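*Asks:* Sequence:
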Amino acid sequence: MAVETIISLMGGTGGSVGIVVLALFITGHIVPKSRVDEIKEERDEWKRTAENERLRADAGVLAGQIVKDVLGSLSKKELS
1 MAVETIISLM
11 GGTGGSVGIV
21 VLALFITGHI
31 VPKSRVDEIK
41 EERDEWKRTA
51 ENERLRADAG
61 VLAGQIVKDV
71 LGSLSKKELS
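Mapping of the sequence shown onto the numbering used here: position 64 corresponds to residue 64, and the numbering continues sequentially without gaps.
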């Protein structure tokens, strides 16, 4: 934003609105669309990572249950 634009916003009828918008932009409450897009991409990446971790955990639990069942059946056969 050019200095002339800032000055004209402050002097016109929308001066107070311009000052508020500028203050919000400087403090980070208003962010550019490109930054919002970056944040969305990052969020989607975290979601994919979490889903992959869930799938790995589910596979690990399933493998553990299978091993438990196999060992249980082998020990029952040895006792008979």
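Simulated from the structure, these hints should not be mistaken for lab results.
These figures come from a predicted structure and were not determined experimentally.
Ideal Cβ placement from N, Cα and C applies to all residues, glycine included.
Treat the hints with care, since some could be wrong.
Okay, derived cross-link-like pairs now, EDC-like style, lysine to aspartate or glutamate, Cα gap no bigger than 20 Å in a straight line [as the list claims (entries may be wrong)]:
id: 1; residue 1: K47; residue 2: D37
id: 2; residue 1: K33; residue 2: D44
id: 3; residue 1: K47; residue 2: D58
id: 4; residue 1: K33; residue 2: E45
id: 5; residue 1: K68; residue 2: D58
id: 6; residue 1: K40; residue 2: E51
Between beta-carbon pairs, the in silico distance windows are [said to hold, decoys possible]:
id: 7; residue 1: Q65; residue 2: T27; range: 29 to 37 Å
id: 8; residue 1: L62; residue 2: I39; range: 31 to 39 Å
id: 9; residue 1: K68; residue 2: L24; range: 56 to 64 Å
id: 10; residue 1: V31; residue 2: L62; range: 53 to 61 Å
id: 11; residue 1: G64; residue 2: L22; range: 55 to 63 Å
id: 12; residue 1: A57; residue 2: A23; range: 30 to 38 Å
id: 13; residue 1: V21; residue 2: T49; range: 31 to 39 Å
id: 14; residue 1: V36; residue 2: G72; range: 48 to 56 Å
id: 15; residue 1: S75; residue 2: V36; range: 52 to 60 Å
id: 16; residue 1: K68; residue 2: R43; range: 31 to 39 Å
id: 17; residue 1: V31; residue 2: E53; range: 28 to 36 Å
id: 18; residue 1: L22; residue 2: R56; range: 27 to 35 Å
id: 19; residue 1: V31; residue 2: S73; range: 40 to 48 Å
id: 20; residue 1: V67; residue 2: G28; range: 32 to 40 Å
*Asks:* State, for the Cβ atoms of V31 and E53, whether the hinted interval 28 to 36 Å holds or is violated.
*Replies:* 29 Å, holds
*Asks:* Is 30 to 38 Å a correct range for the gap between the Cβ atoms of A57 and A23?
*Replies:* For A23 against A57, whose Cβ atoms are near 46 Å apart, the range 30 to 38 Å is violated.
*Asks:* Holds or violated: are the alpha carbons of K68 and D58 at most 20 Å from each other?
*Replies:* Roughly 15 Å between the alpha carbons, so the hint for K68 and D58 holds.
*Asks:* Does the hinted range 31 to 39 Å hold for K68 and R43 at CB?
*Replies:* 37 Å, holds
*Asks:* Is it true that the C-beta distance of L62 to I39 lies inside 31 to 39 Å, as the hint says?
*Replies:* 35 Å, holds
*Asks:* Is it true that the C-beta distance of V67 to G28 lies inside 32 to 40 Å, as the hint says?
*Replies:* 52 Å, violated
*Asks:* Run the distance test for K47 versus D37: straight-line Cα separation, threshold 20 Å.
*Replies:* The hint holds at about 15 Å.
*Asks:* Starting from the hint 53 to 61 Å, judge whether the C-beta atoms of V31 and L62 obey it.
*Replies:* 43 Å, violated
*Asks:* Is 52 to 60 Å respected by the C-beta to C-beta distance linking S75 and V36?
*Replies:* 58 Å, holds
*Asks:* Within 55 to 63 Å or not, the Cβ separation of G64 and L22?
*Replies:* This hint holds: roughly 58 Å between Cβ atoms.
*Asks:* Is the straight-line distance between the alpha-carbon of K40 and that of E51 20 Å or less?
*Replies:* 16 Å, holds
*Asks:* Quickly compare the C-alpha distance for K33 and E45 to 20 Å and report which way the hint goes.
*Replies:* 18 Å, holds
Checked against the numbered hints given earlier, this structure breaks hints 7, 10, 12, 18, 19 and 20; the rest are met.
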